[in-house]
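**Q** Between the sequences and the hints, there should be enough to build the whole structure, so can you do that?
Note that the protein sequences, when read in sequence, are chains Y and C. Letter by letter, the first sequence follows residues 14 to 122 of our numbering. Letter by letter, the second sequence follows residues -10 to 102 of our numbering.
I should point out that these hints are in silico values taken from the structure, not numbers from a laboratory. You may find that some hints are simply not true.
Said to hold, decoys possible - Result set (DSS-like, lysine-lysine): computed pairs, CA atoms no more than 27 Å apart in a straight line:
1. LYS92(Y) with LYS55(Y)
2. LYS(-2)(C) with LYS55(Y)
3. LYS46(C) with LYS(-2)(C)
4. LYS15(Y) with LYS55(Y)
5. LYS58(Y) with LYS121(Y)
6. LYS58(Y) with LYS92(Y)
7. LYS58(Y) with LYS15(Y)
8. LYS55(Y) with LYS60(C)
9. LYS3(C) with LYS55(Y)
10. LYS3(C) with LYS92(Y)
11. LYS46(C) with LYS15(Y)
12. LYS58(Y) with LYS46(C)
13. LYS92(Y) with LYS15(Y)
14. LYS58(Y) with LYS60(C)
15. LYS46(C) with LYS60(C)
16. LYS3(C) with LYS46(C)
17. LYS121(Y) with LYS92(Y)
18. LYS(-2)(C) with LYS58(Y)
19. LYS(-2)(C) with LYS60(C)
Here the structure is a predicted model, which is why all the values come from computation and not from measurement.
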Amino acid sequence: RKEVEQDPGPFNVPEGATVAFNCTYSNSASQSFFWYRQDCRKEPKLLMSVYSSGNEDGRFTAQLNRASQYISLLIRDSKLSDSATYLCVVNDAGNMLTFGGGTRLMVKP
Amino acid sequence: NAGVTQTPKFQVLKTGQSMTLQCAQDMNHNSMYWYRQDPGMGLRLIYYSASEGTTDKGEVPNGYNVSRLNKREFSLRLESAAPSQTSVYFCAIRFTLTDSPLHFGNGTRLTVT
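**A** Below, the structure is given as structure tokens:
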């Protein structure tokens, strides 16, 4: 079983739709969590950190469920420019961060 | 990716050749990382350096060596390149606190023929 798992997708959604991705992690001692966005042939860029109480940044909302060991990302009012691969990252301990395989999102006109 | 510079951007090697990938940062972060990204495999950690003078193996260190030359620079060396090392290599930095995120360089696309 992979330490950090994501549905690879692709998720094909129309503009304006709401879409949600989940990411499960296996280490219950994981300490911090992040969502990254990666465009084709580019480096990953931080989208948002995930806080225990959940957090929102504009159209993006991140949640953490420690009991079930998953984090989620909700995108409201999808834009064409949201098309990308979304990576979840988990910090297990110290300096080790583990990436999920990524979920591909395609927003269509 | 302000503050993290990787060179070269592209490289083609023949099997058995050696090369060094360079990474430099100007954000004064303590921790530096080397990842490789392959289709269907996601990002995998090769080596990291928690602070100047220390290096540790990650998930896939075989075939690579690293040097943390100073706080700014962290290089990745392939002594004898193999086709299995064809990949995109990313350097990343981190402030050190466990709740701080990674910041990535632009990446190096390496092809080994």
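**Q** Each hint: holds or not?
**A** Outcome of the hint check:
no. : hint                     : in the structure
1   : LYS92(Y) with LYS55(Y)   : 19 Å, holds
2   : LYS(-2)(C) with LYS55(Y) : 11 Å, holds
3   : LYS46(C) with LYS(-2)(C) : 24 Å, holds
4   : LYS15(Y) with LYS55(Y)   : 24 Å, holds
5   : LYS58(Y) with LYS121(Y)  : 22 Å, holds
6   : LYS58(Y) with LYS92(Y)   : 18 Å, holds
7   : LYS58(Y) with LYS15(Y)   : 23 Å, holds
8   : LYS55(Y) with LYS60(C)   : 25 Å, holds
9   : LYS3(C) with LYS55(Y)    : 25 Å, holds
10  : LYS3(C) with LYS92(Y)    : 43 Å, violated
11  : LYS46(C) with LYS15(Y)   : 19 Å, holds
12  : LYS58(Y) with LYS46(C)   : 24 Å, holds
13  : LYS92(Y) with LYS15(Y)   : 31 Å, violated
14  : LYS58(Y) with LYS60(C)   : 23 Å, holds
15  : LYS46(C) with LYS60(C)   : 18 Å, holds
16  : LYS3(C) with LYS46(C)    : 25 Å, holds
17  : LYS121(Y) with LYS92(Y)  : 8 Å, holds
18  : LYS(-2)(C) with LYS58(Y) : 18 Å, holds
19  : LYS(-2)(C) with LYS60(C) : 22 Å, holds
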